[in-house]
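Residue strings, one per chain:
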Amino acid sequence: MSDFAMSPRRVGAMILRHVYVLRGSWPRLIELVYWPIMQILVWGTLSVFLATNSTWIGQAFGVLLGAVMLWDVLFRGQLGFTLSFLEEMWSRNLGNLYVTPLRPYEHLASLMAMSLIRTLIGVIPAALLAIPLYQYSIFDLGLPLIAFFTNLLVMGWATGMFVTALILRYGVSAENLAWFLVFMLAPVVSVYYPVTVLPEWLQAVAWTLPATYVFEGMRTLMLEQVFRVDLLLGAIVLNLVYIAIGAAAFLFAFRIARERGLLLHVGE
Amino acid sequence: MKSVIAVEGLSKKFGKVVAVDGIDFAVPAGAAVALLGGNGAGKTTTLSMLLGLLLPTSGAVRVLGEDMATHRYRVLGRMNFSSPYVDLPRRLTARQNLVVYGHLYSLAGVKQRIAELARDLDIAPLLDRPVGQLSSGQKTRVALAKALLNRPEVLLLDEPTASLDPDTGDWVRGYLDSYRRQTGCAILLASHNMGEVERLCGDVLMMRAGRIVDRGAPADLIRRYGRRNLEEVFLAIARGAGP
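Protein chains in written order, with the working numbering: chain A, 180 to 447; chain B, 2 to 244.
Isolated chain A (complex conformation) (with noise of 0.2 Å):
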């Protein structure tokens, strides 16, 4: 057996332990539609009086509920990822996993496949909730919401990677991140705003993260018409980074964890 090969039958393996979790638990299922759909009626509801008091919102009157629902693709793309993780540690079942043939970015490959599960499961609900009752469908953005959805999700790949190294290396006590750790970037990304609102130096910081080309070439859409395929590229290029960086703090974790005996002790 070849020490790098990637077995689909593993990653199917481990998408099949998160689907029975998912499929014996409707509290949990529940759980993944009631955020995006209350995001939703707040914002729908905002966005109809925005509509008729702002001259901008005037303009594009889904350019507000369409930033929330990409927002939730991020939100939860990240979200799907640590907690399929963090399913394990609280389980106590890393010991167990890594003693089969499984390798680290097989496990990886499946927490990005329950990602974009949860993900759609999340937010498919609350955008077709917005037709009836908001008149607005973020279907109507065509291909480019593709691209979009897609440079999100890989954009909480990236972050899921980078909470999982430091749960992996600091144990389920750094948990918590993973429910915060994604809302530090909601100012800089310019998720419900134009990047230029933001002073000088931080639009910089902005321009480094794949979410505000996403936000930015949404809004460009939506208020002009134009599909902006240099925010599409330069998306495209920072998540390729971010995701390698990702890959790698998960692949140095793993190793420290083999390191201190960290797998064998996890657990709440």
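Don't read these hints as lab results, they were simulated from the structure.
Think of the CB as a built atom: it goes at the ideal place given N, C-alpha and C, for glycine as much as any other residue.
Hints may be right or wrong, so weigh each one.
Residues from chain A that keep clear of chain B, each with C-beta distances beyond 12 Å, as calculated [claimed, not checked]:
#, residue
1, F183
2, G191
3, Y199
4, I216
5, L273
6, N275
7, Y277
8, T279
9, L307
10, S316
11, F362
12, F406
13, R439
Here's a subset of chain B near chain A, in silico, CB distances under 10 Å, partners left out [claimed, not checked]:
#, residue
14, L54
15, L55
16, V101
17, K147
18, R152
Starting from the known structure of chain A, arrange chain B on it as the hints suggest.
Relative to the frame of chain A, chain B by itself:
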């Protein structure tokens, strides 16, 4: 006889603490060998290094002829492990857990293998219950099913009967002994249960403070130390007394 586990000069330091201090041993194919020692003697640390869960500070481990530092993935599918320090996911049923691990080990005929183990280990009535709802004894039997799922040639067991009542403990020991005789699987067992070691193992490695301080068949050790049983030998070694 050919060794399936070969350990040379194995050491592990955590900062200034020496957990395992330059140990050497070999386990022949089909043998049952015990690592016997008190708490903190280095048994679990040794098993973790044999599995590749823990990287040694120095020394070498070869399992089934492969260097575990560089080629562990070549042999992980041919070995397995059970320990009280790890659990199976509690929300999954026993069957779901075994299906997942069956695929992780790339087994052919996962359902059939689970059915065989369910019959052998008497866990058929437990298969569709969440692992979190099982008693300690039931969990141990399910964990044992996981450990035997891939028909391992090398089985590493850390305190396999810890927290079990005497009846279940005796049943597990009997099953392991019969499994080894039938399959030729080598078992390395870390324990401080003397009865378990005397019943299961033909060879004992006595550990204290990270070192192997003595070794031999249980009867030989008892005779050499002039004691009545292995427990007295263990106490003599733990207290630093010689043969």
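These are the hints, each one checked on the structure:
no., hint, in the structure
1, F183, "violated, 8 Å"
2, G191, "violated, 7 Å"
3, Y199, "violated, 5 Å"
4, I216, "holds, 25 Å"
5, L273, "violated, 8 Å"
6, N275, "violated, 5 Å"
7, Y277, "violated, 6 Å"
8, T279, "violated, 4 Å"
9, L307, "holds, 29 Å"
10, S316, "holds, 36 Å"
11, F362, "holds, 28 Å"
12, F406, "holds, 42 Å"
13, R439, "violated, 7 Å"
14, L54, "holds, 5 Å"
15, L55, "holds, 5 Å"
16, V101, "holds, 5 Å"
17, K147, "holds, 7 Å"
18, R152, "violated, 14 Å"
In this structure, the earlier hints numbered 1, 2, 3, 5, 6, 7, 8, 13 and 18 are contradicted, and the remaining ones agree with it.
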